[in-house]
Amino acid sequence: AQTVTQSQPEMSVQEAETVTLSCTYDTSESNYYLFWYKQPPSRQMILVIRQEAYKQQNATENRFSVNFQKAAKSFSLKISDSQLGDTAMYFCAFMKYASNYQLIWGAGTKLIIKP
Amino acid sequence: DTAVSQTPKYLVTQMGNDKSIKCEQNLGHDTMYWYKQDSKKFLKIMFSYNNKELIINETVPNRFSPKSPDKAHLNLHINSLELGDSAVYFCASSQSPSYEQYFGPGTRLTVT
Chain A
-5 AQTVTQSQPE MSVQEAETVT LSCTYDTSES NYYLFWYKQP PSRQMILVIR
45 QEAYKQQNAT ENRFSVNFQK AAKSFSLKIS DSQLGDTAMY FCAFMKYASN
95 YQLIWGAGTK LIIKP
Chain B
692 DTAVSQTPKY LVTQMGNDKS IKCEQNLGHD TMYWYKQDSK KFLKIMFSYN
742 NKELIINETV PNRFSPKSPD KAHLNLHINS LELGDSAVYF CASSQSPSYE
792 QYFGPGTRLT VT
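Same order as they appear, the protein sequences are chains A and B.
The first sequence: position 93 = 87 (the working numbering), numbered continuously.
Offset between the second sequence (1-based) and the working numbering: plus 691.
Since the hints were made in silico from the structure, they are not lab data.
Please note that the accuracy of each hint is not assured.
Unchecked claim - These stretches of chain B come out as covered by chain A in the derived footprint (C-beta under 8 Å, 3 or more residues):
{"#": "1", "region": "723 to 734"}
{"#": "2", "region": "739 to 749"}
{"#": "3", "region": "782 to 790"}
What the hints assert, rightly or not - Here's a subset of chain A near chain B, in silico, CB distances under 8 Å, partners left out:
{"#": "4", "residue": "Ser59"}
{"#": "5", "residue": "Phe62"}
{"#": "6", "residue": "Lys64"}
{"#": "7", "residue": "Phe85"}
{"#": "8", "residue": "Tyr95"}
What the hints assert, rightly or not - In silico EDC-like links for lysine to aspartate or glutamate, alpha-carbon gap of 20 Å or less:
{"#": "9", "chain 1": "B", "residue 1": "Lys735", "chain 2": "B", "residue 2": "Asp761"}
{"#": "10", "chain 1": "A", "residue 1": "Lys104", "chain 2": "B", "residue 2": "Asp729"}
{"#": "11", "chain 1": "A", "residue 1": "Lys90", "chain 2": "B", "residue 2": "Asp776"}
None of the values given here were measured: they were computed from a predicted structure.
Positions of the beta carbon are idealized from the N, C-alpha and C atoms, including for glycine.
When you get a sec, could you build the whole thing from the sequences and use the hints?
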């Protein structure tokens, strides 16, 4: 069974700094998708970034980028020039490319951006 | 325009009652989901419908019953509510099961 591990329950950084959130996963599949979602205090779940495993190029979305290491089964999220609005829970998720495409979620990392 | 909407956003009720949460998406998506988020923020899939067909039916008490009248709606009915049902329930939708999911604002259910 697939599992997703986020080893940092909580992190805090100063505004404008760069922060990296870690995510590792366990799977025997070769084709899959990976996602990062954020959940600010408003509790809305917001898609941050998506990565297809067959793509070697790391996905980026403005200040958000990932470091996808397929062999190491690692999928970290880097937030550059962090802003107060980035304060949120961040969830890493894995989706197997087949069957019912169910998302497997990590436990989340609480990120606090300090002014 | 709200992409995925849920009603109500807050629901406070007593043990033993029956309640429903409604979800609607205006994205034209084929797939919809219900998740439960507990007090520790852990997300658990409950159900998923694709083109009105149930494709994910995780191990949840049979007091929980989803109903999809059409592709744009997925409602969740809960019978005989228990204290342990208190949580935030999220509806989500995706273009198809392999695409990214878009979430509603959540419904905070409190059972007293």
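Right, here's what the structure says about each hint:
For the region 723 to 734 of chain B, the proposed coverage by chain A is satisfied: 4 residues have a C-beta within less than 8 Å of a C-beta in that chain, meeting the threshold of three. A count of 3 residues in the region 739 to 749 of chain B with a Cβ less than 8 Å from any Cβ of chain A is obtained; the coverage claim is therefore met, three being the minimum. Closer than 8 Å: that is the beta-carbon criterion, and the region 782 to 790 of chain B has 3 residues meeting it against chain A, so the requirement of 3 holds. With 8 Å as the threshold, the beta carbon of Ser59/A stays out of range of chain B, its nearest partner Cβ sitting at about 17 Å, so the hint is violated.
This hint is violated: Phe62/A has a C-beta 16 Å from the nearest C-beta of chain B, more than the 8 Å allowed. Given the 8 Å rule on beta carbons, the hint for Lys64/A is violated: about 18 Å separates it from the nearest Cβ of chain B. The beta carbon of Phe85/A is positioned within 8 Å of a beta carbon in chain B (closest approach about 7 Å), and the interface hint is therefore held. At its closest, the beta carbon of Tyr95/A sits 4 Å from a beta carbon of chain B; the interface hint therefore holds under the 8 Å criterion.
Distance restraint check for Lys735/B and Asp761/B: the Cα-Cα separation of roughly 24 Å exceeds the 20 Å cut-off, and the hinted pair is therefore not satisfied. For the hint linking Lys104/A to Asp729/B, the alpha-carbon distance of about 15 Å falls within 20 Å, and the restraint holds. Between Lys90/A and Asp776/B the CA atoms are separated by roughly 29 Å; this puts the pair beyond 20 Å, and the hint is violated.
In the structure shown, a violation is registered for the earlier hints numbered 4, 5, 6, 9 and 11, in ascending order.
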